[in-house]
Amino acid sequence: MLTALLALGVLAALIGLVLGYAAIRFHVDSDPVVEQIDKLLPQTQCGQCTYAGCRPYAEAIAAGEADINQCPPGGEATINALADLLGRDPKPLNPEHGEHSEKTVVIIDEQVCIGCTLCIQACPVDAIVGAAKQMHTVIRDECTGCDLCIPPCPVECIHIVPLQPRIGNWVWPQPGEQDDRQVVHG
Amino acid sequence: MAESARSFTRPAAQPFRQLHRFHGGLKLPGHREITAATPIRQAPMPAQLVLPLQQHIGEPAECLVQPGDTVYRGQPIARQVGDISAGLHAPTSGTVLAIEDRPVAHPSGLQAACIIIETDGEDRGGKTATRVDYHDLPLDELCDRIRAAGIVGLGGAGFPTQVKLGCNARPVKLLIINAVECEPYIACDNRLVQERAAEVIEGVRILQYIVQPTECIIAIEDGMSAAESALRAELARGNDTGISLTRVPEIYPSGGERQLIKVLTGEEVPSQGFPADIGMICQNVGTTAAVYNAVIKQQPLVSRIVTVTGEGVAQPQNIEALIGTPVSQLIAAAGGYNAHVDRLLIGGPMMGYAVANDDIPVTKTMNCILAVTRDEMPAPPPAEPCIRCSKCTDACPADLLPQQLYWYTRSSNLDAAQDYNLFDCIECGCCAYVCPSHIPLVQYYRHAKAEIWTREQQTRASDFARQRHEARLERLERIKQERAARMAKKKQALAGEDDSGASKKAAIQAALDRVKRKKEQSHATTKNTENLTAEQQQLIDAADKRRRESSTQSADD
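For the protein sequence lines, the chains are W and B, in the order given. Each residue of the first sequence is one higher than the last, beginning at 1 in our numbering. Each residue of the second sequence is one higher than the last, beginning at 187 in our numbering.
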């Protein structure tokens, strides 16, 4: 009886030590769920979800403060992916936060720009180049289409343009979608 | 409809090599005799050449010329970017008109960046190269010549040749020269071998010299007897024992790289791997001839042979055209369209795609222009539901499960499609050909592949945006902290003095003293003050006194 208790006690102490060591040795600083959620978000950093960016929104979802249907740029695909990750039911996008639309970018009308730098300060991903009283321009490949630069512009020289279809980003249409150039099968 | 060719008999003239059989495949009506017997014709010089910057797999080339520049034949006009890319050369002499977007041969019908050259008809070349013996050249120099010539796989895929050769990075046990032109209608390689066997064989010897394979095989299809005898004659003349010629049975798609390797060796290229992974290199014969031109004649790749065929053109034939020649001119060279022409395809009937018009340029990878009539190739009937007959599985030369891929793609379950090795699909079209429900299966796979690539691109873009955003937050935080630190320092400095007003007053006083001193110095140098009378001196002293009094007064104000 005593031997058994002793043996179990020693075993428990040993395992406790190993677990305790492992908890320190393999300590993860950030919450892996937040990381995983953040990975699924489109990183537009637009703030339409009412949070200051994608990561704060991810943290809010992980903490149970925000719902998974608040991201208009991600749309249905992001909601489904989040539902899949978190084991919840997908739900339609909350219209309070906006509507899903295809990705756009902004361009600055350089003739009108007065070089006030307000848009540069608004851009969450540093995609606008310029200096005070110098012409500003948008790096198209780095623009996430968050449109945060539009409200601060005092001369309304920033315009939203849809991404031009190029050969590099063209996708074969799924059969059944309207397309007159059908692939030919001998 | 052709039968799925399950069994095959080994060709009679194959005493040495045991051939193997790849899974599936089809016996298709060839239609190659239409053009295989007529000699290659030179296309007339077009007035304008349109050269897309991307004619290969990999990064688009970077333009080296400006509108208005004069170019000579063979002048590099765009250079390769990164490792997997290929440069471009002016196909003839002329003037660069513009660098702009033009319609190109692509299923989307979209435009792409092109260099437009107005030809001057003189066809001036650069310096003429002296012919050399390639054995005298160092390996690096040989590879450089191939790279500088902008050679890509001319069989259709357009993979940069120097990358494939790997320039002796890995030991190669087998070099395969692919003359198996398995897709119906296409006969450009067949004609090339018949007419220029010497160039092809010399090119093979150069490749052999570069990669040093244990064995070298030229693979040719059963029906190509004229080409075979031309090659045999050339091999006999050169007394080559290191190069063997093998006939493979006519089964579509035995000209596919993986399928040909399976037929010749029985080995399989690993899933999503390359032939180099199992010590093999496969090169198209057209590419071999281009290597000969690049190394021996030092001519870059500026032209190719295109099969212009189908019942929709008046005189189907193989035409050698400069890269950038409009397709409409090749059709005109082949006698123009017939009255009943229905569709224009780029590539063969199995893997090609329809284009809306013929105002597109010939590219390095364009092996066939096919103008078909409605009788010849009727529009596919409407697709019906899949009946799970599994004919597609039997026909698949990549040994995949086309039906499963179809279901997963239709339900947008692309991860599952990838698990079923979607990316091993070579888009040969066998599955769709045999499908009794006429389901355009290949288009589903092409859609799924493109969709997966797009997702990957988006993931990369969003990762990048995250990095940029985090870097920005970090910077803002740093600036904030720096500002706070500066403020604190200043405050501390100000708090360090007992009376903040005293130092200010002292500074003002010091400034005033400085001014005073300066003034006094300037007074000391007053002129005409020698030999003054006592009366004059008195007046001056009085004035000086007044001045001093007024200046001290204003200072006190």
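Treat the hints as calculated values from the structure; they're not laboratory data. Values in this document were obtained by computation on a predicted structure and should not be read as measured data. You may find that some hints are simply not true.
[What the hints assert, rightly or not] In silico DSBU-like links for lysine-lysine, alpha-carbon gap of 30 Å or less:
(1) 691/B to 676/B
(2) 91/W to 690/B
(3) 677/B to 705/B
(4) 705/B to 690/B
(5) 691/B to 731/B
(6) 91/W to 133/W
(7) 133/W to 666/B
(8) 702/B to 677/B
(9) 690/B to 103/W
(10) 39/W to 635/B
(11) 483/B to 313/B
(12) 666/B to 676/B
(13) 39/W to 690/B
[Unchecked claim] Okay, the calculated beta carbon distance ranges per label pair:
(14) 310/B to 102/W: 46 to 56 Å
(15) 656/B to 26/W: 23 to 33 Å
(16) 265/B to 165/W: 40 to 50 Å
Beta carbons are placed, not taken as given, at the ideal position from N, Cα and C, and that holds for glycine.
Structure-based check of all given hints:
1. Under the criterion of a C-alpha separation no larger than 30 Å, the hint pairing residue 691/B with residue 676/B is consistent with the structure, at around 20 Å.
2. The suggested pairing of residue 91/W with residue 690/B is violated, with an alpha-carbon distance near 69 Å, which exceeds 30 Å.
3. Distance hint between residue 677/B and residue 705/B is unfulfilled; the C-alpha atoms sit about 38 Å from each other, more than 30 Å.
4. With a CA separation close to 23 Å, the supplied pair residue 705/B and residue 690/B stays within the 30 Å bound.
5. For a cut-off of 30 Å, the pair hint linking residue 691/B to residue 731/B stands: about 26 Å separates their Cα positions.
6. With a C-alpha separation of about 47 Å, the suggested pair residue 91/W and residue 133/W falls outside the 30 Å cut-off, and the hint is violated.
7. Distance restraint check for residue 133/W and residue 666/B: the Cα-Cα separation of roughly 24 Å lies within the 30 Å cut-off, and the hinted pair is therefore satisfied.
8. Between residue 702/B and residue 677/B the CA atoms are separated by roughly 34 Å; this puts the pair beyond 30 Å, and the hint is violated.
9. For the suggested pair residue 690/B and residue 103/W, the alpha carbons sit about 60 Å apart, so the restraint of at most 30 Å is broken.
10. The suggested pairing of residue 39/W with residue 635/B holds, with an alpha-carbon distance near 22 Å, which does not exceed 30 Å.
11. This hinted pair checks out: residue 483/B and residue 313/B have alpha carbons roughly 12 Å apart, not beyond 30 Å.
12. Using a Cα cut-off of 30 Å, the hinted pair residue 666/B and residue 676/B holds, with the two alpha carbons roughly 16 Å apart.
13. As the CA atoms of residue 39/W and residue 690/B are separated by approximately 58 Å, the hinted pair breaks the 30 Å bound.
14. The hinted range of 46 to 56 Å is satisfied by residue 310/B and residue 102/W, whose Cβ atoms lie roughly 49 Å apart.
15. Range check, residue 656/B to residue 26/W: about 24 Å between beta-carbon atoms, so the 23 to 33 Å window is met.
16. Separated by about 27 Å at the C-beta atoms, residue 265/B and residue 165/W break the suggested range of 40 to 50 Å.
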